[in-house]
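Chain by chain, the residues run as shown.
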Amino acid sequence: MAEVSIRDVRKAFGATQILHGVNVEVADGEFVILVGPSGCGKSTLLRMIAGLENISSGDISIGGRVVNNVAPKERDIAMVFQNYALYPHMTVRENMAFSLILAKAPKAVLEQKVGRAADILGLTQLLDRYPRQLSGGQRQRVAMGRAIVRDPQVFLFDEPLSNLDAKLRVQMRGEIKDLHQRLRTTTVYVTHDQIEAMTMADKIVVMQGGNVEQIGAPLDLYDRPANLFVAGFIGSPAMNFLKGRIQGGAFRVGDMLLPLGSTRGVAEGMPVVYGIRPEHWRLDDGGIPATVRLVEPTGSETQVVAEFAGHRVVCAFRERVTARPGEILCITPDPACVHLFDDATGMRLA
Amino acid sequence: MSAHADPTLWVRSRSKPSALAKLFDNKTFLIFICLAPALGLLLVFLTYPLGLGIYLSFTDTQLGKPGVWVGLENFQYLLTDRVFLNTVWNTIFYTAAATAAKFALGLWLALLLNENVPLKSLLRAIILLPWITPTVLSAIAFGWIYDPQFSIISYVFKHLGLISTNFDFLGTPWHARWSLVVANTWRGIPFVAISLLAGLQTISPSLYEAAMLDGASGWQRFRRVTVPLLMPILAVVLTFSVLFTFADFQLVYAITRGGPINSTHLMATLAFQRGIPGAALGEGAAIAVSMIPFLVIATLFSYFAVGNRKWQQGSDDDV
Numbered sequence: 002m003a004e005v006s007i008r009d010v011r012k013a014f015g016a017t018q019i020l021h022g023v024n025v026e027v028a029d030g031e032f033v034i035l036v037g038p039s040g041c042g043k044s045t046l047l048r049m050i051a052g053l054e055n056i057s058s059g060d061i062s063i064g065g066r067v068v069n070n071v072a073p074k075e076r077d078i079a080m081v082f083q084n085y086a087l088y089p090h091m092t093v094r095e096n097m098a099f100s101l102i103l104a105k106a107p108k109a110v111l112e113q114k115v116g117r118a119a120d121i122l123g124l125t126q127l128l129d130r131y132p133r134q135l136s137g138g139q140r141q142r143v144a145m146g147r148a149i150v151r152d153p154q155v156f157l158f159d160e161p162l163s164n165l166d167a168k169l170r171v172q173m174r175g176e177i178k179d180l181h182q183r184l185r186t187t188t189v190y191v192t193h194d195q196i197e198a199m200t201m202a203d204k205i206v207v208m209q210g211g212n213v214e215q216i217g218a219p220l221d222l223y224d225r226p227a228n229l230f231v232a233g234f235i236g237s238p239a240m241n242f243l244k245g246r247i248q249g250g251a252f253r254v255g256d257m258l259l260p261l262g263s264t265r266g267v268a269e270g271m272p273v274v275y276g277i278r279p280e281h282w283r284l285d286d287g288g289i290p291a292t293v294r295l296v297e298p299t300g301s302e303t304q305v306v307a308e309f310a311g312h313r314v315v316c317a318f319r320e321r322v323t324a325r326p327g328e329i330l331c332i333t334p335d336p337a338c339v340h341l342f343d344d345a346t347g348m349r350l351a
Numbered sequence: 082m083s084a085h086a087d088p089t090l091w092v093r094s095r096s097k098p099s100a101l102a103k104l105f106d107n108k109t110f111l112i113f114i115c116l117a118p119a120l121g122l123l124l125v126f127l128t129y130p131l132g133l134g135i136y137l138s139f140t141d142t143q144l145g146k147p148g149v150w151v152g153l154e155n156f157q158y159l160l161t162d163r164v165f166l167n168t169v170w171n172t173i174f175y176t177a178a179a180t181a182a183k184f185a186l187g188l189w190l191a192l193l194l195n196e197n198v199p200l201k202s203l204l205r206a207i208i209l210l211p212w213i214t215p216t217v218l219s220a221i222a223f224g225w226i227y228d229p230q231f232s233i234i235s236y237v238f239k240h241l242g243l244i245s246t247n248f249d250f251l252g253t254p255w256h257a258r259w260s261l262v263v264a265n266t267w268r269g270i271p272f273v274a275i276s277l278l279a280g281l282q283t284i285s286p287s288l289y290e291a292a293m294l295d296g297a298s299g300w301q302r303f304r305r306v307t308v309p310l311l312m313p314i315l316a317v318v319l320t321f322s323v324l325f326t327f328a329d330f331q332l333v334y335a336i337t338r339g340g341p342i343n344s345t346h347l348m349a350t351l352a353f354q355r356g357i358p359g360a361a362l363g364e365g366a367a368i369a370v371s372m373i374p375f376l377v378i379a380t381l382f383s384y385f386a387v388g389n390r391k392w393q394q395g396s397d398d399d400v
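Chains as they are written, first to last, in my numbering: chain L, 2 to 351; chain W, 82 to 400.
Treat the hints with care, since some could be wrong.
[As the list claims (entries may be wrong)] Label-pair distances were calculated between CB atoms; the ranges are: (1) L:D129 <-> W:L122: 46 to 52 Å; (2) W:L192 <-> L:P107: 29 to 35 Å; (3) L:R294 <-> W:K108: 49 to 55 Å; (4) L:L169 <-> W:A206: 43 to 49 Å.
[Stated by the list, open to error] Covered stretches of chain L, as calculated for chain W (at least 3 residues, CB under 8 Å): (5) 55–64; (6) 72–83.
[Said to hold, decoys possible] A few chain L residues that don't get close to chain W, going by computed Cβ distances all over 10 Å: (7) R8; (8) R147; (9) D152; (10) D221; (11) F242; (12) E302; (13) V306; (14) A317; (15) E328.
Derived by calculation from the structure, the hints in this document are not laboratory data.
By construction, the Cβ of each residue, glycine as well, lies at the ideal position given by its N, Cα and C atoms.
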């Protein structure tokens, strides 16, 4: 096992700059998730760690060794691809053992390692099948088995769950997390799904447009997003944003005044963006009267789209709300959970 | 208020279908009417000539003289005919040599074109050129290239001072055979290269990346990933290539007409030679018919030996 250190890494394809100086430290045994919208450079960064893309500038080191010019097979990493990349003409056993066969490992070693991986993943019954004869989840497991057999210093996952259906995705999410807790291998995982990132990671790296927006533990990102992008990206349904000004220690939007938790770092009259998560609205008879536009009960909570002062906000209530569209609902934000962002820079104020 | 005045009360009128419409709704009739043109063409242009050819091979028909049924006599005669036996041997040699050359060079070209070479699409177009040139034209061109007096190859070598007399491309049996193999290879490479390139492009790049991470060298990636995954398409292309080469006619007939002394005849050219200019329709047909078992065996071999692998079975969704 080893730590991975990414220092001021840049990547350009011709004149197109993909990564603009990325710094990430992955501690030994840590599960780090790179998350961001399509085209943010997260997969490119992962492929650079794997050695499948060159590094235009900067350094990547694995276990203290700079690997910029080390061939992929010498980097002691294993990668799980989005489409699994199983060799269709080999059985599950051969797929998992391929790296050992190439390394001319003795048969006993091969049997033992494949047997152990198959055991961990519950693939023992399927060892003689071909990839085509497997379901999506089973193929996914074989791809992980191939990585486990190699006993690498670092696991790399490139959107491994995006080809699975929703239910299987949740199940495999749990299996991967469980696997990491058992093997404790350093893992770098790429996804565009913020729920995957929140539920699995020890540490999340949020990326956008080739830059790192914020690095932190999942709940830190959720509770204290560094800027508007992270605030909007993490959390589902997304955070509500209202544009307005500071007035008399409160936030003014239209002719409404919303309470603030803290006014640290803000000045009177300053234009700000007021961020409040859906679940931080409360029903309150003394609150803001808002017109209900849409009610979506999910059973565990009720999501309500409400409108006031020309703004639509999404609220999520634990209690069951029986309001119908067109009715008035009085809501109020929890001042302790308000996020304030500078309107000009998008950076967090308080 | 009448129902027609209120748009909410309008209902779609149901007209009775005509007899013709009913007829076309009948599935059996529809199947028959759709298949009829294709079946007609097959019967007139494929089944009838083939049947007639097989029938003729059992008769002693000559041009302008209806023959009588002679049973296997034509075939018995052919088995003792040195020219025919030589032709069979030559056809097998021609097919084997040209196919081997076409596959070696075609695969090499396909692998090159599958890499990110500059001007890729232009190169691909150039490679297709031999294939889109009408065969007879390229045969005539090769005829001039191999000409005893005016061969451009001899001309170049002579001017470089490397030889003092012209190459004798078509004058002796072995020279002529190899010359024809070269011409056929030149003509057949595009088909092999483009088909194999299509096959190569169906192999997901992530398989190569996975193999690279698994520690496979370039040669190991080729042998353990490319070749096995290319096998199914290789089988199809091989089958077609063998069939085309075995039944070749144009190149040989245009360049050597089977000479010198019948040494480059293929079964197809010999069948034509005996049947039409030689007027022995029955014997020509017998030669043509004796190609059938060879073609069937070649097809079965390439189908069962290299195609239809076990790993191809199972569901097809997103491997």
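Results for each hint:
1. L:D129 <-> W:L122: 46 to 52 Å: holds (48 Å)
2. W:L192 <-> L:P107: 29 to 35 Å: holds (34 Å)
3. L:R294 <-> W:K108: 49 to 55 Å: holds (52 Å)
4. L:L169 <-> W:A206: 43 to 49 Å: holds (45 Å)
5. 55–64: It is violated, with 0 qualifying residues against the three required.
6. 72–83: Since 7 is at least three, the answer is holds.
7. R8: holds (23 Å)
8. R147: violated (8 Å)
9. D152: holds (13 Å)
10. D221: Answer for L:D221: holds, closest chain W Cβ roughly 33 Å.
11. F242: L:F242 clear of chain W: closest Cβ-Cβ about 38 Å, beyond 10 Å.
12. E302: The claim stands: L:E302 keeps its Cβ more than 10 Å from every Cβ of chain W (closest is about 35 Å).
13. V306: holds (33 Å)
14. A317: With a cut-off of 10 Å, L:A317 remains clear of chain W, as the shortest Cβ separation is near 35 Å.
15. E328: Non-interface label stands for L:E328: nearest chain W Cβ at 31 Å, farther than 10 Å.
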